[in-house]
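Colleague: Sequence:
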Amino acid sequence: ADGTLLINGGDAGELASLAEGRSNCHPDCKLTSADVDALKAMLDDALAVHDGSRVGKLNIHIPLVLLKKENETVLRSMLAMLKTYADKGTILFGTQKDVYDAVSM
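Residue numbers (our numbering): 873 to 977.
FYI, nobody ran anything at the bench for these hints, they're computed from the structure. Source: prediction; values computed, not measured. Positions of the beta carbon are idealized from the N, C-alpha and C atoms, including for glycine. Take the hints with a grain of salt, since some may be wrong.
What the hints assert, rightly or not - Pairwise CB distance ranges, derived in the manner of DEER restraints: (1) Ser905 with Lys969: 14 to 22 Å; (2) Asp959 with Leu939: 32 to 40 Å; (3) Asn931 with Asp909: 13 to 21 Å; (4) Lys902 with Asp973: 33 to 41 Å; (5) Asp909 with Leu964: 20 to 28 Å; (6) Ala974 with Glu942: 16 to 24 Å; (7) Met977 with Pro899: 39 to 47 Å; (8) Ser976 with His933: 19 to 27 Å; (9) Ser925 with Ser905: 31 to 39 Å.
Make a model of the complete structure from these sequences and hints.
Modeller: Here's what the structure looks like:
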């Protein structure tokens, strides 16, 4: 059957492992502000080479186990950092379907 195949890359990896260079520290990865700093550096690097005329995507894996009270401050700081990019129009938040729709236009 004919159809559209979208190969969707762009994974940053698990948020709590970014400061460790994405090494496999599971289940001992601790979410810290260093992970947010690593994500910001990764995002800045990606934006520096991104062709703004094309759709780009960066997935951030946030396992449910990170969504607990002890991580709230770090998670809020990550969202605040991402919001600064979104407020400038540098990034957009979207679902996998949003990416598919943008690529398929």
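Colleague: State for each hint whether it applies.
Modeller: Results for each hint:
no.: 1; hint: Ser905 with Lys969: 14 to 22 Å; verdict: violated (32 Å)
no.: 2; hint: Asp959 with Leu939: 32 to 40 Å; verdict: violated (24 Å)
no.: 3; hint: Asn931 with Asp909: 13 to 21 Å; verdict: holds (19 Å)
no.: 4; hint: Lys902 with Asp973: 33 to 41 Å; verdict: holds (37 Å)
no.: 5; hint: Asp909 with Leu964: 20 to 28 Å; verdict: holds (22 Å)
no.: 6; hint: Ala974 with Glu942: 16 to 24 Å; verdict: violated (36 Å)
no.: 7; hint: Met977 with Pro899: 39 to 47 Å; verdict: holds (41 Å)
no.: 8; hint: Ser976 with His933: 19 to 27 Å; verdict: holds (24 Å)
no.: 9; hint: Ser925 with Ser905: 31 to 39 Å; verdict: holds (34 Å)
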